[in-house]
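If you read the sequences in order, they're chains V and Y.
Its first residue numbered 1, the first sequence is counted upward by one per residue in the working numbering.
Its first residue numbered 1, the second sequence is counted upward by one per residue in the working numbering.
Derived by calculation from the structure, the hints in this document are not laboratory data.
Check before you lean on any hint, since a few could be wrong.
A few chain V residues that face chain Y, going by a derived Cβ cut-off under 10 Å, partial list only [unchecked claim]:
1. GLN9
2. TRP19
3. ASN251
4. SER261
5. LEU266
6. SER288
7. ALA301
8. TYR307
9. GLN308
10. VAL359
11. SER360
12. SER361
13. ARG362
14. MET363
Backbone N, C-alpha and C fix where the C-beta goes; we use that ideal spot for every residue, glycine too.
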Amino acid sequence: MDFDFTDDQEQLRDAVRKWVDKGYGFERRRGIAKAGGFSREAYGQIAELGLTGLYIPEADGGLGMGPVEGMVVMEELGRGIVLEPFAQALIAGAVLSGYAPAALKAAWLPNIASGQALVVLAHQERAARYDFEKCQATATAAGDAWTLDGGKSIVPAGDQAEAFIVPAMAKGKLALFLVERTATGVATRGYGTQDGGRAAELTLKNAPASLLTLDGLTALAHAVDIGIAATCAEAVGVMDKTLSITVEYMNTRKQFGVAISSFQALRHRVADMKMQLELARSMSYYASLKLNAPADERRRALARAKYQLGVSMRFVGQQAVQLHGGIGVTDEYIVSHYFKKLTQLEMTFGDTLHHLGEVSSRMQDTAGVFA
Amino acid sequence: MDLAFTPEEQAFREEIRAWVRANLPADISHKVHNALRLTRDDMQRWAKILGKKGWLGHGWPKEFGGPGWNAVQKHLFEEECALAGAPRVVPFGPVMVAPVIMAFGTPEQQKRFLPGIASGEVWWSQGYSEPGSGSDLASVKCRAERQGDKYIVNGQKTWTTLGQYGEWIFCLVRTSNEGKPQTGISFLLVDMKSPGVTVRPIVLLDGEAEVNEVWFDNVEVPAENLIGEENKGWTYAKHLLSHERTNIADVNRAKRELERLKRIAKAEGVYDDPRFRDEIAKLEVDVVALEMLVLRVLSAEKSGKNSLDIAGLLKIRGSEIQQRYSELMMLAAGPFSLPLIEEAMEAGWQGDFPGGLAGDAPLASTYFNLRKTTIYGGSNEVQRNIVSQVVLG
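Required output: the full structure, derived from the provided sequences and hints.
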């Protein structure tokens, strides 16, 4: 039982923080959001730091690191509310490394690690909500070749990605496939998202696909859990910064002749924000440290974590805006952008009520971290 | 980073578990697991069993006869005791006054008082709060006047938990009115059998007399019972408050009670009602998050790092959770928590409880009783002041 970071992990944190502070300022971010919500150049800079290969084995051109390193990076990107969907590099790296046949790994892992290929998970369908097996996309085999039909929604940076990891029903069973964006029968319709980022609707019509694994349910559940852990860590970074922005504002802003940080009604709300932040940080640690646990244990833990994070994110975001007063609801001032990021993260990889349901249905007679 | 305890810590846990299983009397754990009334004898019996093993002062260093465990070992010990259904150790002697005597007492005072605390023979009480000094503890008025080789104590303490059993009491007394209120306070040990000490139980909303008023009327206390220097008592009291930071969260008890809540909900037929079940699920996450917070503080202590910014959160969250599980237990029973049948809260009662589940008898009483948790030990509003001070400056 140990929650200290190693020196290497601290160095990793410093490197990412330095890039965020110097290379991803508020004005650059605003520019990227205006230009569509995704910058290949910024994504390339993240790749230059080696981060896109974090979960990819060294033999395949990556860093071969684990969930704690992933968490550290996500926290720092969260502090800068970075728009580029870096969590997708973690998911794609881990899912391909863990489940794909050798040829597919060889073709994609080095390019994901180098940042040349952005591969994103395209698993959401309108009718399925969070039920993986309600998938309507279908896969058809002709010899070794597969084609996919169907549609996926809100695919991160979907019209910018090189390829998609797509779940589809193959002979009544969920399987995972890799689909290239430029393949025939693949169409995307891109749009901006509430946090300033980018997503797309994906349509597949008789689109050629490579089989990633026939055990799609296992791999997809794992992929989503990696996404949840990454989202939790990112949210901790966003909340940490949201609180420090709020504290700075409260110590500067004067009303009735004094700094508003002197008012007890407001101070107690800050204490409650700190509480939610630290409960969230605790559960983010929990999520990442349970990421390599057996599937059942992992699922239960990740649902607990995302529930806590959802509650915390909504509270911290709403209170930050309220404590800022009028300036908090303007586009010009930075805090509203943190609030919108938190709101979007609450809805990413399962919203709060969904995860409460997961916790509820997976409840056991025992209680606690180790139960 | 690692969530798992080390093999050595696991082995330690197993050792504790085996010992507790072999030594905790079944009649006592039955009462604890079912929230039945514990007697003075129950509490002291368990204290003496621990004392004999040398574990009543389980947080004590070796030089004072303690086991010398680190923060994690202490946590594991407390967890195993709580999960097995051991009564909470009455903290005033071994957890509160003993560390002060160790840090600031003379060798004579240590020799005189510590053995009785370690063995569980002597029952200690706490004399801090007064009618006019609750959250504002530094305003205490209970006065101790030096006359030769003794102090004459006059005044009143209140909220003295289990003071009706107390043999000794440690008090914050006013020895000077000069300077800031904090600088005129002394830390005095008083024999409760002294002439002029009167203990009057206060009946609480659950009908129990858990706390007391303690009156001092010209009570003579030998000057040798003063801890440290006169007028430095506030410093010693703060030292006391800095001890056992994780203990106040009571997360181990919360885990035990959450398991009990699930059993109650099943017995009451509401466990599969989604509305009720989701409330338990929320509490389950609350308990896991609190446990993670506790483990983070322990880990920081293990590696000698400062965890002050999060330790202040433990009391707030822990007390809220205690109130919540007791609330849900009562709600699970619904109207069957309403009959007030005193005898049904005693072990071995064989009567016919309205509705048929005798386990419902103490649920409302526990709910009422635990309202205290957000008030005592520095009210949660005072705790929020402290937390916001750390965050906002």
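*Checking against the hints above, which ones are violated?*
2
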